[in-house]
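A.B. asks: Residue strings, one per chain:
Protein chains: 4
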Amino acid sequence: MAFKSVLTFRSSPEKEGHSRAELAARYIECRKQTEALAAPLTAEDQMVQSSSEASPAKWHQAHTTWFFETFILSPHLPGYRTFDQRFRDLFNSYYNAVGQQPEKALRSTFSRPTLDDVCKFRRNVDEQIAVLLGSDHSSEVLELVELGINHEQQHQELLVTDIKHAFWSNPLRPAYQQNRSATDLAAPSQKAETHAGGLIEVGANGSAFHFDNEAPRHKVFVQPFRFATRPATCGEYLAFMDDRGYERPELWLSDGWKAVLAHGWKAPLYWEKHDKEWLHFTCSGMRKVEEPEPVCHVSYYEADAFARWAGARLTTEFEWELVAAQAQVEGNLLEQGRFHPAPAQGGDDPLQLFGDVWEWTASAYLPYPGFKAAAGALGEYNGKFMSGQMVLRGGSCSTPRSHIRATYRNFFPPETRWQFSGIRLADDSL
Amino acid sequence: MAFKSVLTFRSSPEKEGHSRAELAARYIECRKQTEALAAPLTAEDQMVQSSSEASPAKWHQAHTTWFFETFILSPHLPGYRTFDQRFRDLFNSYYNAVGQQPEKALRSTFSRPTLDDVCKFRRNVDEQIAVLLGSDHSSEVLELVELGINHEQQHQELLVTDIKHAFWSNPLRPAYQQNRSATDLAAPSQKAETHAGGLIEVGANGSAFHFDNEAPRHKVFVQPFRFATRPATCGEYLAFMDDRGYERPELWLSDGWKAVLAHGWKAPLYWEKHDKEWLHFTCSGMRKVEEPEPVCHVSYYEADAFARWAGARLTTEFEWELVAAQAQVEGNLLEQGRFHPAPAQGGDDPLQLFGDVWEWTASAYLPYPGFKAAAGALGEYNGKFMSGQMVLRGGSCSTPRSHIRATYRNFFPPETRWQFSGIRLADDSL
Amino acid sequence: MAFKSVLTFRSSPEKEGHSRAELAARYIECRKQTEALAAPLTAEDQMVQSSSEASPAKWHQAHTTWFFETFILSPHLPGYRTFDQRFRDLFNSYYNAVGQQPEKALRSTFSRPTLDDVCKFRRNVDEQIAVLLGSDHSSEVLELVELGINHEQQHQELLVTDIKHAFWSNPLRPAYQQNRSATDLAAPSQKAETHAGGLIEVGANGSAFHFDNEAPRHKVFVQPFRFATRPATCGEYLAFMDDRGYERPELWLSDGWKAVLAHGWKAPLYWEKHDKEWLHFTCSGMRKVEEPEPVCHVSYYEADAFARWAGARLTTEFEWELVAAQAQVEGNLLEQGRFHPAPAQGGDDPLQLFGDVWEWTASAYLPYPGFKAAAGALGEYNGKFMSGQMVLRGGSCSTPRSHIRATYRNFFPPETRWQFSGIRLADDSL
Amino acid sequence: MAFKSVLTFRSSPEKEGHSRAELAARYIECRKQTEALAAPLTAEDQMVQSSSEASPAKWHQAHTTWFFETFILSPHLPGYRTFDQRFRDLFNSYYNAVGQQPEKALRSTFSRPTLDDVCKFRRNVDEQIAVLLGSDHSSEVLELVELGINHEQQHQELLVTDIKHAFWSNPLRPAYQQNRSATDLAAPSQKAETHAGGLIEVGANGSAFHFDNEAPRHKVFVQPFRFATRPATCGEYLAFMDDRGYERPELWLSDGWKAVLAHGWKAPLYWEKHDKEWLHFTCSGMRKVEEPEPVCHVSYYEADAFARWAGARLTTEFEWELVAAQAQVEGNLLEQGRFHPAPAQGGDDPLQLFGDVWEWTASAYLPYPGFKAAAGALGEYNGKFMSGQMVLRGGSCSTPRSHIRATYRNFFPPETRWQFSGIRLADDSL
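Chains as they are written, first to last, in this note's numbering: chain A, 1242 to 1671; chain B, 1242 to 1671; chain C, 1242 to 1671; chain D, 1242 to 1671.
Simulated from the structure, these hints should not be mistaken for laboratory data.
Be careful, since some hints might not be right.
[Claimed, not checked] Below, computed lysine to aspartate or glutamate pairings styled on EDC-like, alpha-carbon distance capped at 16 Å: (1) B/1460 - C/1344; (2) D/1507 - D/1518; (3) C/1613 - B/1621; (4) D/1273 - D/1368; (5) C/1499 - B/1381; (6) A/1613 - D/1668; (7) D/1499 - A/1621; (8) D/1460 - A/1621; (9) C/1514 - B/1621; (10) D/1613 - A/1434; (11) B/1499 - C/1669; (12) A/1432 - A/1669; (13) A/1613 - D/1491; (14) A/1499 - D/1531; (15) B/1613 - C/1669; (16) B/1499 - C/1434; (17) C/1345 - B/1656; (18) C/1460 - B/1491; (19) A/1499 - D/1491; (20) D/1613 - A/1621; (21) A/1345 - D/1668; (22) A/1460 - A/1477; (23) D/1273 - D/1344; (24) A/1613 - D/1368; (25) D/1345 - A/1496.
This structure is a prediction, so every number in the text was calculated from the model and none was measured.
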């Protein structure tokens, strides 16, 4: 089977503590998490697709279920009867090997199946996955369920960022949740720690779940570097704006400057100036921009220009990983339910490596040495996107805690702004 | 008041039989009609906006209500309290004089207000219109209510054509209604009647409701002409297609040929060839193309090319009106509930002037001599669209019976195909 | 032969004074005129194509020659040998019946043939036309040569408007000719003459050359109207601009307002504000806008908005023709060599019907009753453009005197601004 | 001075043999080379700009001269009088710090200055550079002249690729030069050499001219790899095409597949199938595709898909440099005057590292550790393009011999095809 190289469990899942019972429990937890995220939304809310980057919440609920049906139940559960034959194409996102897909923009027309039908689809697949996990002990099935959970977690984050964009697009500006003010509006000052670098190893080794793009683990040489102790804040970004950051081409990459002119960018996405005050749209509605909060919803171009303005640069993905490999995976993640970055709190530096905001790196998204995409449909998961995108690291306030790790590589085109994407400065240490 | 010239009741509405009681009854009937059309649709269905030409059904329900609130209740009902202040901009379509409007494409993001809220908005406005009609005897109010009813009838037709497009866009191809087969699948053969023309009068005179673009009534000189006894059928159109109609530039206007190449047109909208059979999407789902049915969902360019291929031309709007002025307003209209054109049935020629399909004319949509748009917002109703569009006449299977008349001028850009638009041939009589 | 209905000489050309000798002389004169217009231009200048509407001067010189070769020499001169086989496709503009055409945008890549080669092509065709006119007495050949001359005259005007645009696009802003100041910078005040209208005849009758789109002559009924005694001036247009004409949507057609927003129009094409003074680019370079000069380089939308602002409307093409039928064809035309409109001078009203600026009419460009396009390639001359365009009347400062007449119908899409297009006001007479 | 880090001469130019006399000689040689390349072109040919990527030959001649005037003569030659003030903006390409630039597409409208004027500009600058080099001994001036020569060499290559595209766009398909057939139509078979990799140094050290993007020299760790002994041939690429390479999405990056669909790619740029034979447009006109020749005019996406089809991958820029550091800089380069890749000839492997075709690498174009763009205008030379582009190595048949070296980094967006860009396969050595 081709999926091996995608999952790359090297040792027995059982031994690694991924017992079937635990996996079944995590499956249920994951599915409930998705539904909890959708709970504040009406059936109508779950129809909205407000940009070509986003998808409707109902589609996220259906597509994640389709993944379990298509890649696990259909090939592995004897006698499994497809819930609805027509869903095979309808909820395919981009897997050419599975068959046709509707154009992405059409997802907003999927009033049928109704949300009720999609919920039935979810329950049916949940029941059958339970049956499968009760009967099939093969590591392949366990690995695939693990992959399906991780896949659904990615869509949980997208569900949040997509509904945020949807509600922002609606002139009524409804809120996704009640206002949750940050409790501690101050942030430690920005500092730079020096790291020695050297010939290090990066990437995932085989003992736990990871995506194929995190492997193979391999050596890289890293020059000495300085690394910011926390992400850049709104206050620091306002200083860049006040210093005419959006008007000075010398601060920008050529493509970035074109984007500034083409889109009329004058501030991060969701920011609006009312009278003399900057507000931004959050999952709790319009709110004052708080200076100590990490800045987010900036593109790679803005992150890069800010860094140049600051006399620094962005971190590389390997510098980031070298630092993060020493840190605990904890922070302002999905489970906190804030869906908004919070000011850094005192503690051991560096702060906020995980959660709050994805950190744009200066690294293009490329395969690691020795990477080969899997054969078949699941080989389309990551490898085919390895051009024209930049790596982000660390997860955000909408990333599930069990989903993120030091070796995790997220990636988006450099113009992307609707994710919770922020800025970690670095520099060469001379 | 500026609205006079829009409405152009010249005599007292009372005397013309438009008593307040009758008007109130027609108001209620109209509002119920809209809701009956929306009844087969889920709240999710009513969110879909599948093209830049169309709007969601929920939006149609809200916007027609907004019209009554904005132009009647707010200025004329003492003490009227706006249902929701935010709707004033939200459900404005294109009236610059009323204020800002959201970009049309954003209508698909209006998950809030919910359908329930829109229904409450409808009921509230209905109650207040009843109060107003019970207390205000001014002809201005009566005229405005009349205008509001006619406005809502236009949106009833759009609601049908828009949901047809929405369901066609969904790969599942749901049906709006149960299949209603045509009962009599034969059509009389096409003939041409000769008319003498001469110096005639066209346009609406003041004694009954009409839109401003139908007036003033005025003289035009019409040459002798020949006029087809019924619209062109699918069978006739198939002959055009079989004769390589879509491949011969000499049959097309230059802009039409560009449209053929740009869009890859090979058949009317909604047509698909399965094996060797032509099917088309209807309000009752996918169905075989029946040769005796009037062809519809063709652009002006296709109608014009078909006419050239047939050695004829399209009728002008004045030839059409001259003929239709003698006919009864009856036919396959909205109230029949077919939402699909039916084969012509024997009877006095010409057939199917009203209902079935709108008939593209060879006339550009321009003001009549002496036309002046009203001042203020309602002056934006028709006049500002008088460029780049062609006139259609006669109503379709989705036009309310009380909405259509011989002087009625519909208009669309020549590329338009999602309306029930068909072909009436004519020619010069030499 | 199919060309008959294009040319519609009804009587013998000889009897009408179009003797062969005279025609041969006019042919030579026309060809020399083209070359005189190109004389100030380098070979490099003649390469420039600065917009999708325009063509390079060299192309105009070649295409007009191609017309004579393709439609006259090849079919009618026995033993004629094509100058260069490859030119048949290369210099075809839009005649699908003749064969393939290069995309219009490619004309800027035709560095080969060189200008020298094109001049040889011209001389060769000139010699052969002389041979043909010396030997072939058929009225068909005479009619075709007449058509070819008229065709080349159209391209003379385009050569001027296209090189004006080309030089304006070059940041160096070279001048096409030496500065020719207007001698008399004052204009009579604007007045409106009343005309009774009635059942009149318009269109060309058969006794002299005209294009197919001017025929058949036919009856139309015209309401009483008022007609401005001269075109609107720059001074009047500045008053519209100063009254925020470009900022008030209520003055504009819906499509016009979209064009204002999409293109950021704030003034006519070629106008620029330097400090507090308006300048515009002319064939003599940048020059102060003179208030008494007729305003030009406005789109139909701007002409229409200006008229609405002025409490008037544009003239219809039939009103215009009714008035112009009484006037002499004289004015500031190509032969004056000014290539710029001049202030109206006293005289019998109405003034400046011919020359100075084309006058946008309120009439869509549609076929006259009984119009049939010719079969074959020459049938593509006019008829296939009869959608989406508005009629202009009267010729401009770049129209040859022998080319224009009261029945002449020019036509352009409503956004067009690079022609010398101006404004003649009219109104209903109540 | 800011230019230091651009040029990064670390030692005295004099000692390195870059005596002023030698530099002056190389300056003259370089300028003559440009003019020799332009010699076969008419003034009209030198006007053509056939795509948004390309520029007219006249512009290349002027812009390279502008570079010497703007960055060397104006600041460094006392009393230098600008040849024409207006050229400062006119011939600026993208240096925001120098001032405004015309939109790139406008370059095709620069009929003025004429080619003659541009030649005078060239001669004037040549004379003044000679004066400067005779009087100013500063290393800064020498370094800037060196930079100007290298800049002009880049435009020499572009002049060739741009005129190739221009002539291909002209339906007459003129040839840039007489047909030069390859003399030896056979190529050695493709093999893979194994390299051990390890912790190596890459990048330019300071002792000779290099661009800022080649420095600093730094350590990288390279895994063991296999490296193809020659570039892929047309014959090998035809095998990919015959195996439906352009129809199988699983072979392509996601963005690559979109490009295939959007542009309808079925073969490399310039290839056309006539009957059953593949021809391609070359600088010598249309010619049969010869199987032993290196394939070129492929995008990064095509190179990547071909490699995947072949079970391999593209080389990284560091693997390439590691191998090339051992090789002589010689091959089919500009001075050969073929302007077309030639079949590999026997000799020591690997073959054709330099010349013939640029080799797309799997490396994104990013700054080296420690890279800082220079301050001021020359800092815009390379650094601001470091996003969205891929590195190419080795030079092509249109690269001057003295311009290329093992550390040289060329870069283009992955869709680019009009350069002589080809494919070098590599793979991991496991």
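A.B. asks: Quick one: which hint numbers does this structure break? Sort them smallest to largest.
C.D. replies: 1, 3, 5, 8, 9, 10, 11, 14, 16, 17, 18, 19, 20, 21, 22, 23, 24
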